[in-house]
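Chains as they are written, first to last, in the working numbering: chain D, 1 to 78; chain P, 79 to 397.
Keep in mind the hints are simulated off the structure, nothing from the lab. Among the clues, some could well be false.
Claimed, not checked - Here are the in silico distance ranges between beta carbons for each label pair: (1) D:22 to P:179: 53 to 63 Å; (2) P:109 to D:5: 29 to 39 Å; (3) P:144 to D:76: 52 to 62 Å; (4) P:126 to D:55: 41 to 51 Å; (5) P:330 to D:6: 21 to 31 Å; (6) P:336 to D:64: 49 to 59 Å; (7) P:179 to D:51: 49 to 59 Å; (8) D:21 to P:277: 28 to 38 Å.
What the hints assert, rightly or not - Every beta carbon over 10 Å from chain P, so not counted as near; a handful from chain D, in silico: (9) 10; (10) 27; (11) 31; (12) 39; (13) 44; (14) 51; (15) 59; (16) 60; (17) 67; (18) 70; (19) 71; (20) 73; (21) 75.
Glycine included, C-beta positions come from ideal geometry on N, C-alpha and C.
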Amino acid sequence: MSAPVGEVVGRIAEVLRRPVAAVQFDTELAAIAPDSFVLVEMVIELQDEFGVRFEHDDMAGLHTVGDVVALVERRRVS
Amino acid sequence: MTVFVDDIHVALGDVRRDVRTAQAAGATLSTSQQLTDAGFGTHYVCSDDMTAYDLARLAVTPIAARHRRVGAIVYATTLPGNAAMGGADDFARTGDVKHLMRYPASRLQAEFDFAAAFVVGVGQQACTGLLGALRLARGLLLAEPHLDPILCLTADRFPAGAGYEQAYNLVSDGAVACTVTLRPAAFELLGVHHVTNGGLEFASDDETVATYFSYTCEVITAVCAAAGFDPQALNWIVPQNTHSRVAPILARLLGLPEDRLYCPTVRELGHLIAGDALVNLADLQKSGRLRAGDLVAVPIAGYGLNWQCALLRATAAPD
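In isolation and in its complexed conformation, chain D is listed as follows:
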């Protein structure tokens, strides 16, 4: 079952301490995360929140919020 997109985006915004309006699908993660450690923390939160487990190299391919949402959905169904 896939996670509601809005929930994933909302959680990303919460972890990154950004208004939801500033977190769009095409938003570059580098533009809203102060550093890569915050991104790692965000991924851990998403894994725990949505019961998914990312693979080793998944994070290296994350560039936009949409990439993160798609990855969560992909891992939810795999």
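Position chain P relative to chain D; hints supplied.
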């Protein structure tokens, strides 16, 4: 047969400077304030005349005073240039490649009169090279016990003009040496696990950070499993010196309290290339906090990308 690690000694670059001085020298990408916030305070660099071999000699001197004989020397370098001792000018003049094969391990063997020792170079494992050396030494001793003890070391200095920040870490030049032995000593070496992902050869700093955690958890879990333990049984995790954000994240992923991570030399040394985890291990040994039977994981990540983790068990042996 049981293999032990003993005699950990360190040598540092001869110039100590604080983060402000490092930034003023153009040696960092981050500001001094960012480095301070990340837990770094000072680092050590070699003056122009100090070589990686000089560092190696300094780290090995106290070991040579204790051991008249070693059966092998396993000499790890992170930067390929530190695995040779000059000769480029002679090669350019003559075209003779033998000038490019002046090996520091051979020089060390001769200088300390370790006549019975053969030498092995460990390269291409970046900052994980010393753990690679420990793994080789352990395997050698299990196969050929007469080699006991084996000298392992890592020695690197950055070339002139190099930046001293890698993947958000302030770096120091230095060397660390130790022995791997069959004689009961402070730490039993239960095993070493190593993962390489060559597809990440050109990883950016952010990709290096992004992949650090999952691979580090994997090597910790694997080395524990091979020895019949669960990572939850670890009393200590003694990592390389990194950005202060790393420890809490790693502890959370492993499900361990953060105070089981032990890296007290971050502020003074920064990231001592391949040696800082063993410096932290020696510090833990001296701290009085270690108890006989404690399980200690020593994970290190390096370019390549490589991740290794050694699993050790503290013994009741005297220091």
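Hints versus structure:
1. D:22 to P:179: 53 to 63 Å: 58 Å, holds
2. P:109 to D:5: 29 to 39 Å: The hinted range 29 to 39 Å holds for residue 109 of chain P and residue 5 of chain D, with Cβ atoms some 38 Å apart.
3. P:144 to D:76: 52 to 62 Å: 58 Å, holds
4. P:126 to D:55: 41 to 51 Å: 46 Å, holds
5. P:330 to D:6: 21 to 31 Å: 26 Å, holds
6. P:336 to D:64: 49 to 59 Å: Once the Cβ atoms are compared, 32 Å apart, the range 49 to 59 Å for residue 64 of chain D and residue 336 of chain P is violated.
7. P:179 to D:51: 49 to 59 Å: 56 Å, holds
8. D:21 to P:277: 28 to 38 Å: 37 Å, holds
9. 10: 22 Å, holds
10. 27: Fine: 17 Å to the nearest Cβ keeps residue 27 of chain D off the interface.
11. 31: 13 Å, holds
12. 39: With a cut-off of 10 Å, residue 39 of chain D comes too close to chain P, as the shortest Cβ separation is near 7 Å.
13. 44: 7 Å, violated
14. 51: With a cut-off of 10 Å, residue 51 of chain D remains clear of chain P, as the shortest Cβ separation is near 16 Å.
15. 59: 4 Å, violated
16. 60: Residue 60 of chain D not clear of chain P: closest Cβ-Cβ about 5 Å, inside 10 Å.
17. 67: With a cut-off of 10 Å, residue 67 of chain D remains clear of chain P, as the shortest Cβ separation is near 12 Å.
18. 70: Check passes; 17 Å lies beyond 10 Å.
19. 71: At roughly 12 Å from the nearest Cβ of chain P, residue 71 of chain D sits farther out than 10 Å, so the non-interface label holds.
20. 73: 20 Å, holds
21. 75: 13 Å, holds
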